[in-house]
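Student: So the chains spell out like this:
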Amino acid sequence: MSKTMMTGLALAAALSAAGAARAADPLKIGVATDLSGTYASLGDEVMRATRFAVDEANAAGGVDGRKVEFKSYDTEAKPDLARRQVEKLVMEGYPVVTGMIASGEGLAIAPLMERWGSIYISVVNKADELTGANCAKRVFRVNTQSAMDAATVKPWLKERKEKKWAVVAIDIAWGRGSATLFSEAVKSTGKEMVAELFPPANTNDFAPYIEQIKKAGAEGVWVVLAGRDAINFAQQSKQFGLTDAITVAGVSFTTDGTVKTLGDAAKGVFGIINYSSTLDTPENNSFVKAWTEKYKVPPTNFEGEAYLGYQVLFQAVKDAKSVKTDDIAKALPGKAYDTIMGKLVMRAEDRQLLKPNYFGVVEMVNGELRPVVKTTVSAADVAPAVACKVN
Amino acid sequence: MTSAVDKAALAKRPVMPRTARILGFAALALALGVAMPWLVSSKLTLSLTTQAIVDALLATSVGFLVLQNGRVSFGQAAFFGLGGYAFGVLVARQLVAPEVAFLLALALPTLVAFLLGLVFARIAGVAHAMLTLAVGQAFYEIAFRWRELAKGDDGMSFELPQRIFGFASSSLQDPAVMVVVAWSALVLALAGLALFVNSRIGQIAAAVRDNEERARFIGHDTAIPPAIVYAIAAFLAALAGLLQATYNGYIAPQMFHWSLSGTALIMAVVGGAQFIVGPAIGAVCFFFLKDFAGRFAEFWPAIVGTVLVAVTLLMPQGMVGLAFRLWAARRSKP
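In the order they appear, the protein sequences are chains A and B.
First residue of the first sequence: 11, per the numbering used here; consecutive thereafter.
First residue of the second sequence: 3, per the numbering used here; consecutive thereafter.
It should be emphasised that the hints constitute simulated quantities derived from the structure, not laboratory data.
Since the model is a prediction, treat every value here as computed from it, not as a measurement.
Check before you lean on any hint, since a few could be wrong.
Distance condition first, Cα-Cα at most 30 Å in a straight line; then the derived BS3-like pairs of lysine-lysine [to be verified]:
id, chain 1, residue 1, chain 2, residue 2
1, A, 81, A, 270
2, A, 38, A, 81
3, A, 197, A, 173
4, A, 331, B, 45
5, A, 399, B, 292
6, A, 147, A, 77
7, B, 45, A, 147
8, A, 38, A, 225
9, B, 45, A, 77
10, A, 98, A, 174
11, A, 270, A, 38
12, A, 399, A, 77
13, B, 292, A, 384
14, B, 45, A, 340
15, A, 98, B, 45
16, A, 38, B, 292
17, B, 45, A, 38
18, A, 201, A, 277
19, A, 225, A, 171
20, A, 345, A, 248
21, A, 77, A, 353
22, A, 353, A, 304
23, A, 98, B, 292
24, A, 81, B, 292
Chain A with its partners taken away, still in its complex shape:
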């Protein structure tokens, strides 16, 4: 090939690339998540889902022909740090924000989305306020909120024989909210609450709390702990004989992620499941297959929910035919999305994605411990009442 022809080809390639770039700006996503704090293991799951979703989209020629890019910063699950990191991401040109773990982080940045011209899509924050009392414009949630978890646990609670219940919940917005909802469920099913305990994040010694649960005479305990706290509590409650003595159940407590670390300490523990790789739908099966090819293990609870977030976002960008946050924010609510969990609607009133929820128990399956779905509750049955007044 002659030299001039090479130059000509290169020039043409460069021109067409420039043309494409002009035609479609990339979709730039800012992932602010916990990479080194209490919830680092959950942050890791969010990052894996992010890489998977972004690679998959780009391999398929981008979202509506737009390349997807992301940048991530560590928030250490601290709301004040999250605020600084998100501001940085937005100002560096990554205005579609997602990935935060602790509810306080989401609540800290939610009121700023309008000022910064960005949008926030929660994939882990469970506190009801985020799409309820403190809901804000340009804030969306695809993951299951606490009220939906409470609606899921109530039928199970009704059937249980345990009369006296205790709660151990992390002392942040999520733990407080979930504990209140659980107590209400306990009382409404004619049972009694005997202890409500709120350890702070990053607690190493749960012995005093376990002691109080025993002393209160609880027959069952509801655990609202995640990440490092969940692992510490589960191990110590096994050591102190609590797990074997009374019924243990929880939310985000024994997930695919923690069960792997816990082994026997997690066996027989009941819990809410927000996503499971075992859901038998064609969409989910093909997702699990592609995921397992990439990472060698099936996707976890939080990986599934985070991936769900990207599915919803990408479809909204396609509908909006734009990566401008104004357009995406308009396109997102009030629409049904094709997802790994079926066709789900992003409710227009509070921008919460309505999804089914599951309840299960940690069991041995094919020689491996994992949370297994026992009850499925439909999206309509767990849909929380609309509390948001901002539209």
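Got chain A sorted already, so can you dock chain B onto it with the hints?
Tutor: Same frame as chain A, now just chain B:
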């Protein structure tokens, strides 16, 4: 007209040139600050600069205690948090007019520090460090545990009232405006400290720092002047906390945490706590080093740590101390 007055004063008293020079520098710096939004177009840079200036105010507060009282505090963030929380909680609950909340947020920490200062000034060394640490953490624990106050660990977002002191308060959350406000506050604070050091009370405080017994022996009150230094330092920390709370519309218990006090102390030492401007310069350099390292590596704390070790070993008097030495060396050359 001012220069004529200055010249007349200059002839009479030898102290005045220093005062005039301080005021001249301050005026120049203020003008530079007002021009900043026009010189810098990037909103990100302006916002980061605003946060760096807030850090600089806090570091100045810690550094001033070292400079004027010879005391190392590990709890200065208590007053930073107190300023922010007083404003945030009062505004969020609409207990008082926002202007009153603004003033209370400055007055309350200052008063608390003055009272504590009457005791703290008598204690030196490790005991002083431990005491300030304990008091600071006590405030942190209150903010952390008392969920009804401001939502504990989650922190609390609050909306600013429409107007404050007649200005549209939303402009206070615009980095282009806040950077000028914060910079002006810092410049005025540094100028004020420079003037205070020269004042009678400032000099008595310095005398107490150097030898309390002798200062008392020659008839000075040795309790009040150091306590005033504590109050001034707390005022600066509260001002920083107030600015941060206003700019962010958000308060969190981390504002009280000892790690923030510790970072401020490091900034002050790196910049040079023997100089009034040292801590502020140290804080700004530290802030941008941290930001720069954080962008390129996940192990940024290691990079920052290495730089800190190097600075401490190579510049025992801090960055400003080194600058002075270099300058003096150049002048002494023929």
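Student: Could you run down the list of hints and mark each one as holding or not?
Tutor: Status of the hints after comparison with the structure:
1. For the suggested pair residue 81/A and residue 270/A, the alpha carbons sit about 29 Å apart, so the restraint of at most 30 Å is met.
2. A distance of roughly 8 Å separates the Cα atoms of residue 38/A and residue 81/A; the hinted pair therefore holds under the 30 Å criterion.
3. For a cut-off of 30 Å, the pair hint linking residue 197/A to residue 173/A stands: about 10 Å separates their Cα positions.
4. A hinted pair counts as satisfied when its Cα atoms are at most 30 Å apart, and residue 331/A with residue 45/B qualifies at roughly 27 Å.
5. The suggested pairing of residue 399/A with residue 292/B is violated, with an alpha-carbon distance near 40 Å, which exceeds 30 Å.
6. At most 30 Å may separate the alpha-carbon atoms for a hinted pair to count; residue 147/A and residue 77/A meet this at roughly 26 Å.
7. In summary, the hint linking residue 45/B to residue 147/A is supported, as the alpha carbons are separated by about 22 Å, within the 30 Å threshold.
8. For the suggested pair residue 38/A and residue 225/A, the alpha carbons sit about 53 Å apart, so the restraint of at most 30 Å is broken.
9. A distance of roughly 25 Å separates the Cα atoms of residue 45/B and residue 77/A; the hinted pair therefore holds under the 30 Å criterion.
10. Note on residue 98/A and residue 174/A: the hinted pairing is violated, with a Cα-Cα distance of about 48 Å set against a maximum of 30 Å.
11. The hinted pair formed by residue 270/A and residue 38/A fails the criterion: a straight-line CA distance of about 33 Å is larger than 30 Å.
12. With a C-alpha separation of about 35 Å, the suggested pair residue 399/A and residue 77/A falls outside the 30 Å cut-off, and the hint is violated.
13. Taking the CA atoms of residue 292/B and residue 384/A, the gap is near 49 Å; set against the 30 Å cutoff, the hint is violated.
14. Proposed proximity of residue 45/B and residue 340/A is supported: the alpha carbons are some 25 Å apart, at most 30 Å.
15. Proximity of residue 98/A to residue 45/B is assessed by CA-CA distance (about 10 Å); at most 30 Å being required, the pair is judged to hold.
16. With a CA separation close to 24 Å, the supplied pair residue 38/A and residue 292/B stays within the 30 Å bound.
17. Of the pairs offered as hints, the one joining residue 45/B and residue 38/A holds, with about 18 Å between alpha carbons and a cut-off of 30 Å not exceeded.
18. A hinted pair counts as satisfied when its Cα atoms are at most 30 Å apart, and residue 201/A with residue 277/A qualifies at roughly 25 Å.
19. Between residue 225/A and residue 171/A the alpha-carbon distance is near 20 Å, which keeps this suggested pair within the 30 Å criterion.
20. For a cut-off of 30 Å, the pair hint linking residue 345/A to residue 248/A is broken: about 45 Å separates their Cα positions.
21. Taking the CA atoms of residue 77/A and residue 353/A, the gap is about 25 Å. The hint holds against a cut of 30 Å.
22. Between the alpha carbons of residue 353/A and residue 304/A the distance comes to roughly 25 Å, so the proposed pair stays at or under 30 Å and holds.
23. The hinted pair formed by residue 98/A and residue 292/B meets the criterion: a straight-line CA distance of about 13 Å does not exceed 30 Å.
24. For a cut-off of 30 Å, the pair hint linking residue 81/A to residue 292/B stands: about 18 Å separates their Cα positions.
In the structure shown, a violation is registered for the earlier hints numbered 5, 8, 10, 11, 12, 13 and 20, in ascending order.
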